[in-house]
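Chains as they are written, first to last, in the working numbering: chain A, 1 to 318; chain B, 1 to 250.
In case anyone wonders, no lab produced these hints; they're calculated from the structure. Glycine included, C-beta positions come from ideal geometry on N, C-alpha and C. You can trust all of the hints, since none of them are fake.
Here chain B is said to cover these stretches of chain A; the calculated rule only asks that three of the stretch's residues, wherever they fall, bring their Cβ under 8 Å from a Cβ of chain B:
| id | segment |
| --- | --- |
| 1 | 51-64 |
| 2 | 68-79 |
| 3 | 86-97 |
| 4 | 106-118 |
Some chain B residues judged to face chain A by a derived CB distance under 8 Å, without partners named:
| id | residue |
| --- | --- |
| 5 | THR93 |
| 6 | GLY95 |
| 7 | PRO101 |
| 8 | SER103 |
| 9 | LEU248 |
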Amino acid sequence: MSDDTLIQVERLSRRFGRQLAVNDVSFELDRGEVLGFLGPNGAGKSTTMRMLTGNLAPSAGRVFINGIDLADEPRRAKAMIGYLPERPPLYREFTVDEYLAFCARLHGISRDGRAAAIRRTSERCGLEGTGRRLIGNLSKGFQQRVGIAQAILHTPEVVILDEPTVGLDPIQIRQIRELIAELGSDHSVILSTHILPEVQATCSRVQIIHEGVLVFSDTLADLDARSETMAVTVGLGEPPDKDELSGLPGVTQVDALGNSRFRLSLESGAGTAPIGEACVKAGWGLEELTPERLTLEQIFVQLTTRDEADDESDREAA
Amino acid sequence: MIRAIAGKELRSLFMSPLAWVILGVVQLILGYFFLLQVDQYLMLQPRLAGMQSAPGVTDVVVAPLFGNASVILLLVVPIITMRLISEERRSGTLGLLTSAPVSPTQIVLGKYLGIVAFLGIMLAITALMPLSLLAGGWLDFGKLAGGLLGIGLLVAAFAAAGLFMSSLTSQPTIAAVSSFGLLLLLWVIDWAARSQGATGGVLSYLSLLGHYESLIKGLFKSKDVIYYLLFIGMFLAFTVRRLEAERLTG
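Here chain A stands alone, though its shape is the one from the complex (with noise of 0.2 Å):
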């Protein structure tokens, strides 16, 4: 465990009666990263974040918040979290500014630092000009950027987002975005949600859990990096026979595509660049040279239809 880490979970487990929620589930995050939490609905996500919170008690498993148990010392653990649980936990009746200020004495905020600390807030969610608005009269946009204010008024280590654009309008999400990315610079991030481009767009690191288990874990840099060209997709003027095709350096496989284009499947560490030298220079036309990347959402199909792929292979076999 290095220093910055600020969130370190060891195998982390929640049974519900029968059922096993989340099962075994260890990771860590340090300062300034955001990570994506990925996962079908039901697949684990919502609950991880509340024993995250200390909202819920792990069946086993321990949570430590900044070099603090959860379970120990949960106020000196707390203080340094902020959470927007699914539901954002609003005060219909309260105004913007009044529910605020509710909120930063929660949080322990002192009498001066505290209008600075919402009109800071106000300003980084977007907010100006609806403080003195009652929160049930807010369109569902708004509402969720005074859940956001919420979760970051008291400057937390750690901020914890539970599907944060959910009901937002595509302009308010990018909004939302910048203000994650923007978090990630000094804080540690978790970000659950089952939308994969906002994943692209904010985190740097990506974790997979489905049916309770933490099935992916991997740096945004490293995916782009690792998931370079596995494939080849060429599109030849004059093609010439699959055989010559697949004498190419580094193919394993050639399947046609029809119309003169080819799908070129590579061995891990070939480049694309030697294919598209070599079809030049065998004068074959060269029109078209896509790489293909494995994608975070192939990845994330990949992983979490993998079971019920498994079951009808095993249905053929018998």
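Fit chain B to the given chain A structure using the hints.
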């Protein structure tokens, strides 16, 4: 922290029309009873003047007023306390409190003190009625203070039970009905014994009413005060336990 929660609770109450309606209705009814008692006193006055150690205005007017107030508040307090926790659970705002660096004890005490402050305001307004008699007479302040203490403790006990019931459910109406049922049961628990002429048993000790009656007569027994303090402490502790258990059961 406790003060922040108490302040928020009081504020929420006064933001909803419910608190104002309740204050208004209770004062209206008690005002009516008060006038009835004053009227009765004026009728009795000639006869009382001839009696030795006759009951004074405090006995004839103030004690029955507080007696009536206790019955009305038995009905009203569950309605005020019903939303305390159940409403927050239903609208998902309980998470705001449980995610903040605040212990369950602080949450419960904050909410309880908020509601007690509201009930205090209600009783203070009620106390103005007997005090208005000072314009034309004199009151036994000892008895008045005893009565106020008695009804204050009684109402505080109602509120503690109501808070606990509110922590059990996410439906305010269920909380109101069940706390009313609980309070009424504790109110009448010794009636069977009384009708047999037996007193001093366990049931009559448990009765909310029995301890109140002596206080309202101006008889201060520490045993009665301790009963109410224990009652309040017990239900607050139950509520804290309930909130802690919520983390386990999810």
